[in-house]
Amino acid sequence: AQSVTQPDIHITVSEGASLELRCNYSYGATPYLFWYVQSPGQGLQLLLKYFSGDTLVQGIKGFEAEFKRSQSSFNLRKPSVHWSDAAEYFCAAAGGTSYGKLTFGQGTILTVHP
Amino acid sequence: DVKVTQSSRYLVKRTGEKVFLECVQDMDHENMFWYRQDPGLGLRLIYFSYDVKMKEKGDIPEGYSVSREKKERFSLILESASTNQTSMYLCASKGGMNTEAFFGQGTRLTVV
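For the record, the sequence lines run as chains A and B. Going by our numbering, the first residue of the first sequence is number 2, and it counts up by one from there. Going by our numbering, the first residue of the second sequence is number 50, and it counts up by one from there.
These aren't lab readings, by the way, just hints derived from the structure by calculation. One or more of the hints may lead you astray.
Claimed, not checked - Here are the simulated BS3-like cross-link-like pairs (lysine-lysine), alpha carbons at most 25 angstroms apart as the crow flies:
(1) B:Lys119 / A:Lys50
(2) A:Lys62 / B:Lys52
(3) B:Lys120 / B:Lys106
(4) B:Lys104 / B:Lys52
(5) B:Lys119 / B:Lys106
(6) B:Lys119 / B:Lys67
Please read these numbers as outputs of a predicted model, since none were measured by experiment.
Using the sequences and the accompanying hints, generate a full structural model.
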């Protein structure tokens, strides 16, 4: 079955530290990949997306993600975290046999310590 | 800007009631989705629709049905609400497969 897995439920980092959030997918072929962020009480906002081409993708708010086919991964990174980055982050994928079905991972809650 | 509008931000319903959650999008998107969001479980797909009158079950369709009579509107129906359907419900719309999804603000449903 097609699935998206975010192994880390909760991550805590200090402000200014680097960040990496993990995402793994299980699809027959390379899906379209997305990262969304949800701040408390807010809707979901797209950070970045990967369809094809360059495997390092730049997004908004200083985030980037790297697609690694050999590892079926699409990890999100940021070199220096700000307190305002505290939120829940979701990896998602679309593709495979079912039209535009969009499947999400379980989410990773990011806490930022001052 | 794409706008996805959910009819209610908060709803309180009684067990056994029939509940309708409405979602409207203004970008002529083919695909529309209903998810429920629960802490630690992420967004779980209930149903999605890829065209008018077309629908496909998601991962947790039990206890729900949907209706898409017009392209811009996608309704989620709880046939007989139960307390375990208390949750945040998110609607999304999306164009082709390689496009991003846009989300509504969510409906927090409480079934008492």
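For the pair supplied as a hint, Lys62 of chain A and Lys52 of chain B, is the alpha-carbon distance within the 25 angstroms limit?
This hinted pair holds, its Cα atoms lying about 22 angstroms apart.
Assess, step by step, whether the Cα of Lys119 of chain B is no farther than 25 angstroms from the Cα of Lys106 of chain B, and give holds or violated.
19 angstroms, holds
Has the given pair, Lys104 of chain B with Lys52 of chain B, been kept, meaning a C-alpha gap of at most 25 angstroms?
21 angstroms, holds
Hint check: Lys119 of chain B vs Lys50 of chain A, CA-CA at most 25 angstroms. Holds or violated?
29 angstroms, violated
Holds or violated: Lys119 of chain B to Lys67 of chain B, with C-alpha atoms at most 25 angstroms apart:
The given pair, whose Cα atoms are some 21 angstroms apart, holds under the 25 angstroms limit.
Going straight from one Cα to the other, do Lys120 of chain B and Lys106 of chain B come out at no more than 25 angstroms?
Holds, at about 18 angstroms.
Of the hints listed earlier, the one the structure fails to meet is number 1.
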